[in-house]
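Asker: Construct the entire structure; sequences and hints are all you get.
Protein chains: 6
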Amino acid sequence: MRLLVLTPILRREGWTPPPPKCVAPDVEVSYEWLDRGAETVESHYDEYVGILDMIEKGLKAQEEGFDAIVINCFLNPALPGMRELLDIPVIGAGEAALHIASMLGDNFSILDPDPPHRTYSHRVAAAVGLMHKLRSVRYLNLGVKGLSQDFESILNRMIEEALKAIEEDGAHVIVLGCTGMRPYAERLSEKLRDYGVPIVEPLSAAIAMAESIVRLGLSHSRASYPKPADKKRIS
Amino acid sequence: MRLLVLTPILRREGWTPPPPKCVAPDVEVSYEWLDRGAETVESHYDEYVGILDMIEKGLKAQEEGFDAIVINCFLNPALPGMRELLDIPVIGAGEAALHIASMLGDNFSILDPDPPHRTYSHRVAAAVGLMHKLRSVRYLNLGVKGLSQDFESILNRMIEEALKAIEEDGAHVIVLGCTGMRPYAERLSEKLRDYGVPIVEPLSAAIAMAESIVRLGLSHSRASYPKPADKKRIS
Amino acid sequence: MRLLVLTPILRREGWTPPPPKCVAPDVEVSYEWLDRGAETVESHYDEYVGILDMIEKGLKAQEEGFDAIVINCFLNPALPGMRELLDIPVIGAGEAALHIASMLGDNFSILDPDPPHRTYSHRVAAAVGLMHKLRSVRYLNLGVKGLSQDFESILNRMIEEALKAIEEDGAHVIVLGCTGMRPYAERLSEKLRDYGVPIVEPLSAAIAMAESIVRLGLSHSRASYPKPADKKRIS
Amino acid sequence: MRLLVLTPILRREGWTPPPPKCVAPDVEVSYEWLDRGAETVESHYDEYVGILDMIEKGLKAQEEGFDAIVINCFLNPALPGMRELLDIPVIGAGEAALHIASMLGDNFSILDPDPPHRTYSHRVAAAVGLMHKLRSVRYLNLGVKGLSQDFESILNRMIEEALKAIEEDGAHVIVLGCTGMRPYAERLSEKLRDYGVPIVEPLSAAIAMAESIVRLGLSHSRASYPKPADKKRIS
Amino acid sequence: MRLLVLTPILRREGWTPPPPKCVAPDVEVSYEWLDRGAETVESHYDEYVGILDMIEKGLKAQEEGFDAIVINCFLNPALPGMRELLDIPVIGAGEAALHIASMLGDNFSILDPDPPHRTYSHRVAAAVGLMHKLRSVRYLNLGVKGLSQDFESILNRMIEEALKAIEEDGAHVIVLGCTGMRPYAERLSEKLRDYGVPIVEPLSAAIAMAESIVRLGLSHSRASYPKPADKKRIS
Amino acid sequence: MRLLVLTPILRREGWTPPPPKCVAPDVEVSYEWLDRGAETVESHYDEYVGILDMIEKGLKAQEEGFDAIVINCFLNPALPGMRELLDIPVIGAGEAALHIASMLGDNFSILDPDPPHRTYSHRVAAAVGLMHKLRSVRYLNLGVKGLSQDFESILNRMIEEALKAIEEDGAHVIVLGCTGMRPYAERLSEKLRDYGVPIVEPLSAAIAMAESIVRLGLSHSRASYPKPADKKRIS
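Heads up: the protein sequence lines correspond to chains A, B, C, D, E and F, in order.
Numbering follows the working numbering, in which position 107 of the first sequence is assigned residue number 391; successive positions increment by one, without gaps.
Numbering follows the working numbering, in which position 42 of the second sequence is assigned residue number 326; successive positions increment by one, without gaps.
Numbering follows the working numbering, in which position 219 of the third sequence is assigned residue number 503; successive positions increment by one, without gaps.
Numbering follows the working numbering, in which position 99 of the fourth sequence is assigned residue number 383; successive positions increment by one, without gaps.
Numbering follows the working numbering, in which position 82 of the fifth sequence is assigned residue number 366; successive positions increment by one, without gaps.
Numbering follows the working numbering, in which position 179 of the sixth sequence is assigned residue number 463; successive positions increment by one, without gaps.
Possibly wrong hints are sitting among the right ones.
A pair counts as met if it fits within one copy or between any two copies, since identical chains are not told apart.
[To be verified] List of simulated lysine-lysine pairs, BS3-like, C-alpha gap at most 25 Å:
(1) 448 <-> 305
(2) 448 <-> 511
(3) 515 <-> 417
(4) 417 <-> 511
(5) 417 <-> 516
(6) 515 <-> 448
(7) 516 <-> 305
(8) 344 <-> 515
(9) 305 <-> 515
(10) 511 <-> 305
(11) 511 <-> 475
(12) 344 <-> 475
(13) 344 <-> 448
The set of hints was computed from the structure by calculation and includes no laboratory data.
Answerer: Okay, here's the thing in structure tokens:
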């Protein structure tokens, strides 16, 4: 099985992502980035700038025989449109993380790297229909870029806010609200092991869900995502 | 006051829209279309194709001193991104229609020109947070293009489905689920006058709401629609 | 267009309301009060005392050719009954404010002059079907009468609670929970301009919505508000 | 224990209600009607006409030592205001019926005597916070007055609609949507015994609930129903 | 009328419960415990251990002519299965308490003896369909066993948390989240009388509701609780 | 990875289940049944009879080194209690199927083998928090046992009801409401391929989800499922 992780931001040259630990031996994971898009996705506008390249990269992946595509962003950019055009499953990181979280406990809280995107965690929960399981959003006040600096102090911010989510808000599961938080997931999980509160990292969750859906021989519903009719389009 | 009605489809040359009847004497309404986009908007993909031109046309309108922008489509394409970038109010036709409908009665049903976009009426109601007031969706099985042909028989289809919505589904208000249905609104309203069930036409509703919000000196919340930060973007 | 602002409290002699700023040049706004009713509306009982005079004043306004009636109270007293008896639109201040707020942001908080009416803000949000957008209610602990004294200190209380709503509760829009707060709306908006959080003043919102609905040629649904049958009634 | 059943319509001379079967031996049930009000309650306006006499009759009952008041109407007229003014429990027939129904099964359907009041059953379910348990409303098309004529044919209408609610809509409990349906409750229950679907008659439900709440030494919350302050009121 | 209070824990020899105050003179209340079960019910596992003995004791009570059974535990253990097998009403303490609370005010908060069962109060509210009325859960950090020691200090903990529920969370009604809190109910009610916030004790609430439902001649719906078919079962 | 499929019914000797197609090459699936339990699970009572053997079989599997347990029943029997006692993931077939369905489309309908268990499909959707995505339940009127007879005619019943769900109810995804329907899943999927509506078979869905959750290194939250304390228990 071949999965493509499509990151909805501009390609960063010279950087290779760590191999995922959450796949079966027969799964091969490839990575792709955008040629047209934004440096990071922190707004709807950032989504829009890369939205047509997302579609293009998705169509190319399908032609090349990939079995499924994972959108490597908690905000699930371009998700409905990609599903309209593609037959293979397209799984968003935020959508997958919240569904996995929903199966592990009665509620979840999201750790959000924000600001600036202080509104998006609620919107993602609403868009995937799981708002009623959202206990709280805890803000790290870092921004996506801030996530790539100063490992230990960022980890400590995460631990601090995760503990507040658990102890003050009553969170039963913690969801990381940005796939850029992936490098912290393992250390954070270790630190919180005694609380018995699972930490869900969205990219891994989406890769695992994509694998499941491929093995089940399923894909998204054409009733929800009808194939766009041919018509005049100028882009 | 100057309002711009921005239609999220390719400019159709040689066509002038009828002047709206629902504005105050001091309101001037202009119309704009896309240079890059799709012929009609019946899918998320159609939205994506024109999404950056929507932003551009919006920014230009703001510079030219327009007081508000109305998105002339029930599906509210590009709405969140335009609000991020613009300071003047941006009002979507679907969003405005459902809020007006919500103030006129206990529930509403939507007349949907579909197929093909059999899923969108529910999605618009969910996106604007008024799903609990949606009594039913009634499908005309025409498609957006079908709406421009054969006036009397289309009107009869609308009357037939509107009556089913009222009598079988218990609809208290009827919302037209496409701004392309505008030419039928008046005749449909006349036909149904005896039922006392209001017919809400979404473009008119959005123009009226835009006017109201401008007069109130209001615009969208920056907490919901934060201004995108400067960053590298390639489109 | 002629709008009547009907204030559901006893007429206060010698007081003239300031002309509204939110209307088109062709709109004339008149004011009316009750001859039978309570001094202020802070309970259902206060509503009941004036409820039949509300109906009477409404019927008289319709006979005199008014195009719509605005109920000048956040609690929307007598709203369903007036709609049953009148054909012209009747718009409640609380209902209009929450719908406008719902279009400006993802959620709203209400500034409530309470006590004593500590329960009503939630009830208004529930009654108009927008409870899911209510982020919090912040109480000024003044009472309606307290609102008319000591301008600067009341303004400071409002600013303080509005900031708590924004910073602690995550409010995206602030709704003033009493039309008696109108004199503070402008100053409060100025103070909070840097937050980008709109302040919705309910009387202005209702006047603007009434104007919109009249221009759209709409009124409330007879399916939701059937005309009462003739029968024996002793009052 | 002394309970007062207060019927929110004009007193009908020469008519004595049948003694209720659902009370304990130590409970005495009295009946009272309005001197100012409407002949039947089929609209908000009908409620308004008698609303102050409801308050007056309630206050008098409390002074006379009644332990609780039951409002004999499915629409729960004057309920919040009576609770504001009275210390003894005030129980509405619609509210009690839906809560009892909610404890007997997963959902309920309402048999509504309508027209004309085709909107009220939904509104009552929403007002008491049990809309999510409402499976359907089935209309008898009789009107309240129609209920007092032609016993067998009305009973057959009820059986027919109750069976449709059970078989077509999947109703698990049937609630009679008008206390005027009381004379049919027993026969209807017998007819439907084989289905195992309970029939809840609202007046009996409210009398039983009132008795329970009195025995528990409870009454409504002052936080939900604060006592109205003294002020100038002219009625 | 004969009611059986069935406590879903192992029989404690030599202990006689105080006679309930909330029943009519013609009601006789008996008590029964389990021979197979757990010492206390603080987990689903504790429920499972006694679940078949609950059924057995229920069937025996029905044979002996009891009119209804009250499950003496806020968690409503074995409730759906007992209803499947029995024809007489079976009322759970948690379910009854939340429905009574729902009729007394706009919302309620639960006082939970937890830990360890920090998740159950939310789950009970969700299971009975009243989550939207749950304002907050306040934890006493005692455990069920802790409730039987040190009367005054436990009472003070309850008062402290009840006041926080009222003043910080805005609770309108307080529900005791364990029938083991019964000995504190009266003193707690006295202490909070000035707030006008009712205290609902779940065992009393369930006894009163059971009495009501018996007097109404009602029982649970067979559509919700179908009688199990005969089949091979080994236990 | 070793997964145990635990079927909550009495062992049927001489029957070997077909090997699942939906697992990775490194996954080994074993099957276990109950020694104490019911022949089929069609009621809460059937669940209760086997509930302690479920726990025992689960504990034994954990000791034997299984990585996760799948409960082979759409009704998710014993799920919360097993999670309390076990550290390895426990996944219910109904819960997994509805979460997978939720990711594939805007809504789903359930094909229910019922009667007799006409109420359970709604209850499962409510229990897992996805009621708002349930479009309809379509009943086959077979019962669980009926599923094992007469292949072609049962398949035709399924096709017929699935098409009604799609065409009349507007279902976007079809979920099989019993793991006993597994033999029909492939043929049904083929038949409905042209509609683009996915068919979710619950046992396969649960096996795939269990595999995912094991690979992610996750398990259920101890905040939602606290480990039961030691105490006296007699079973």
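Asker: Would you pick out the hints that fail for this structure and give their numbers low to high?
Answerer: Result: hints 1, 3, 5, 6, 7, 9, 10, 12 and 13 break, sorted rising.
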